[in-house]
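Chemist: Chain by chain, the residues:
2 protein chains.
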Amino acid sequence: MRVHIIGVGLIGGSFAVDIRNVFSEVQLVGVDNNPDHLQQALSLGIIDEIEEINDVRSSDLVIVAVPVDVSIPLIKQVLDLVEDQTLVIDTGSTKGKLCEALSTHPNRRNFLAAHPISGTEFSGPQAAVKDLYRNKTNIICEVEKTAFKLQERALELFQKLGMRICYMDPKSHDRHIAYVSHLSHISSFMLGKTVLEKEKDERNIFDLAGSGFASTVRLAKSSPAMWSPIFEQNKENVVEILKEYIQNLNMFKDLLENNDFEGVFNEMEKTNHIKSILNGII
Amino acid sequence: MRVHIIGVGLIGGSFAVDIRNVFSEVQLVGVDNNPDHLQQALSLGIIDEIEEINDVRSSDLVIVAVPVDVSIPLIKQVLDLVEDQTLVIDTGSTKGKLCEALSTHPNRRNFLAAHPISGTEFSGPQAAVKDLYRNKTNIICEVEKTAFKLQERALELFQKLGMRICYMDPKSHDRHIAYVSHLSHISSFMLGKTVLEKEKDERNIFDLAGSGFASTVRLAKSSPAMWSPIFEQNKENVVEILKEYIQNLNMFKDLLENNDFEGVFNEMEKTNHIKSILNGII
Numbered sequence: 186m187r188v189h190i191i192g193v194g195l196i197g198g199s200f201a202v203d204i205r206n207v208f209s210e211v212q213l214v215g216v217d218n219n220p221d222h223l224q225q226a227l228s229l230g231i232i233d234e235i236e237e238i239n240d241v242r243s244s245d246l247v248i249v250a251v252p253v254d255v256s257i258p259l260i261k262q263v264l265d266l267v268e269d270q271t272l273v274i275d276t277g278s279t280k281g282k283l284c285e286a287l288s289t290h291p292n293r294r295n296f297l298a299a300h301p302i303s304g305t306e307f308s309g310p311q312a313a314v315k316d317l318y319r320n321k322t323n324i325i326c327e328v329e330k331t332a333f334k335l336q337e338r339a340l341e342l343f344q345k346l347g348m349r350i351c352y353m354d355p356k357s358h359d360r361h362i363a364y365v366s367h368l369s370h371i372s373s374f375m376l377g378k379t380v381l382e383k384e385k386d387e388r389n390i391f392d393l394a395g396s397g398f399a400s401t402v403r404l405a406k407s408s409p410a411m412w413s414p415i416f417e418q419n420k421e422n423v424v425e426i427l428k429e430y431i432q433n434l435n436m437f438k439d440l441l442e443n444n445d446f447e448g449v450f451n452e453m454e455k456t457n458h459i460k461s462i463l464n465g466i467i
Numbered sequence: 186m187r188v189h190i191i192g193v194g195l196i197g198g199s200f201a202v203d204i205r206n207v208f209s210e211v212q213l214v215g216v217d218n219n220p221d222h223l224q225q226a227l228s229l230g231i232i233d234e235i236e237e238i239n240d241v242r243s244s245d246l247v248i249v250a251v252p253v254d255v256s257i258p259l260i261k262q263v264l265d266l267v268e269d270q271t272l273v274i275d276t277g278s279t280k281g282k283l284c285e286a287l288s289t290h291p292n293r294r295n296f297l298a299a300h301p302i303s304g305t306e307f308s309g310p311q312a313a314v315k316d317l318y319r320n321k322t323n324i325i326c327e328v329e330k331t332a333f334k335l336q337e338r339a340l341e342l343f344q345k346l347g348m349r350i351c352y353m354d355p356k357s358h359d360r361h362i363a364y365v366s367h368l369s370h371i372s373s374f375m376l377g378k379t380v381l382e383k384e385k386d387e388r389n390i391f392d393l394a395g396s397g398f399a400s401t402v403r404l405a406k407s408s409p410a411m412w413s414p415i416f417e418q419n420k421e422n423v424v425e426i427l428k429e430y431i432q433n434l435n436m437f438k439d440l441l442e443n444n445d446f447e448g449v450f451n452e453m454e455k456t457n458h459i460k461s462i463l464n465g466i467i
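Listed in order, the protein sequences are those of chains E and X. Heads up: the first sequence runs through residues 186 to 467, numbered per the working numbering. Heads up: the second sequence runs through residues 186 to 467, numbered per the working numbering.
With the rest of the complex left out, here is chain E (with noise of 0.2 Å):
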């Protein structure tokens, strides 16, 4: 089996990882508009060759990890290009806009719009680990407009993989995905921004920050130039439910200046069973 990873960084390469770890015979072929990228991924040995986009022609599977931006023109590009036997995985963080771009593509057939659930805050090449897909939930829009061979295929990798499925037509993709991983990640950025602001002599944050501060922060890590294109493509369900949250921290600053402990209290103790509900995430 002949696999292109367009994108070789976290996604991309532990995508390669458990391929090679999973399938026998597998040449795994990288494209990449980041040299260094490639270069670290070859001697890393996460792929074995290096190509460049116009060869997927005769792939069997393209996995496109790269940001949401670039992901729509590029796999439009790769649809132009391959075969009755190419199947094209993606794997971003939004979906409505990629499935609306794609929706009339002649080779749309070829395509499977997927969302591992699954990530570090860490990019590059360097982050790719093994398993970082076990147990993890893989979300799968418009699956009916798959070839069905080619889901089939698909299916069986993400089983091997160890991937629970999940489908969910785009739109509601992008607004549960705005829920609980997008806010998280402005929350973190700018819990990270306050903190640095107030603290100019950072040895302070250093040595005081506990556990639970690297936890809220932990996600301020993440890359820039990946998150910026989610944000925009996902911009109305993310800014209404960051207003939502807004207002929930106005209300509870209003019980602290109000001296309402009492309110305090219920608020903290109302949200306390998300416990049952984290237990099941690992």
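You can trust all of the hints, since none of them are fake.
Computed cross-link-like contacts, BS3-like style, restricted to lysine-lysine with a CA-CA straight-line distance of at most 27 Å:
#1 E/K420 x X/K383
#2 E/K385 x X/K460
#3 E/K428 x X/K385
#4 E/K282 x X/K438
#5 X/K282 x X/K330
#6 X/K261 x X/K282
#7 X/K282 x X/K420
#8 X/K385 x E/K282
#9 E/K385 x X/K428
#10 E/K438 x X/K282
#11 E/K385 x X/K321
#12 X/K455 x E/K385
#13 X/K321 x E/K460
#14 E/K438 x X/K420
#15 E/K321 x X/K385
#16 X/K438 x E/K420
#17 X/K385 x E/K460
#18 X/K356 x E/K385
#19 X/K455 x E/K420
#20 E/K438 x X/K438
#21 X/K383 x E/K321
#22 E/K428 x X/K383
#23 X/K455 x E/K428
#24 E/K460 x X/K383
#25 E/K383 x X/K455
Just a few of them, taken from the derived set where beta-carbon distance is under 7 Å, the chain E residues facing chain X:
#26 S369
#27 S373
#28 F374
#29 M375
#30 L376
#31 V380
#32 K383
#33 F416
#34 I431
#35 K438
#36 T456
These are calculated hints, taken from the structure and not from any lab test. C-beta: ideal position from N, C-alpha, C; glycine also.
Chain E is already provided as a structure; the job is to place chain X on it using the hints.
Modeler: Here is chain X on its own, set in the frame of chain E:
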């Protein structure tokens, strides 16, 4: 050595576990207004016996680990009872009001104000763990007000438990801790609330949320009985930093609404260097 642990939950219980581990011939006595917690601590082997508050009279070491509203009258009561050799250590997350309230107590020299920056989102005796304090920062306030011999004993204890010491005045403590701990808890609780409100069908959170969401809302599992009095005692600092956080979130929302995605990118990139700071936090 006879040690009284007042409040046998996560913090007090973990002190008991470590003290038993590093000192030979230690008798650990539990005091708590929750009889279930006392029985649990006894059956878990965290404490050796149960006593009343009045029995601290002849103690060598009293560790107070109760909510910060309870600790002020309670430590006064303990200081009323104790003899010259008794070291009383508090572990709470606010220091201003406490140090002020105790400043004129005739036995102020028996008391050491400490804040180990350590914990988890769990509570109760079953949450007590070994080595909770190893390599963690312990902030000590107004060390000069503690009797010299008792200072020495406290430092010996902290050293044996593997803690790093940081001296600070109570006002600075409360300000810095508002930034690097208290704000994170509000951010987390309100993020949990916002998403729970939107995702009324909670199975969606469970299925779609990844480790990023779990990380940012982890602190929303924390105990409201512990946190409500902390916010009350540190209200001024907490409201100030919360306002700045809300301001930054509004600024980010405005950038999104104005389609200024270069601005969005820049804001994230500026905060990205929190990486290098966070790498020092476990």
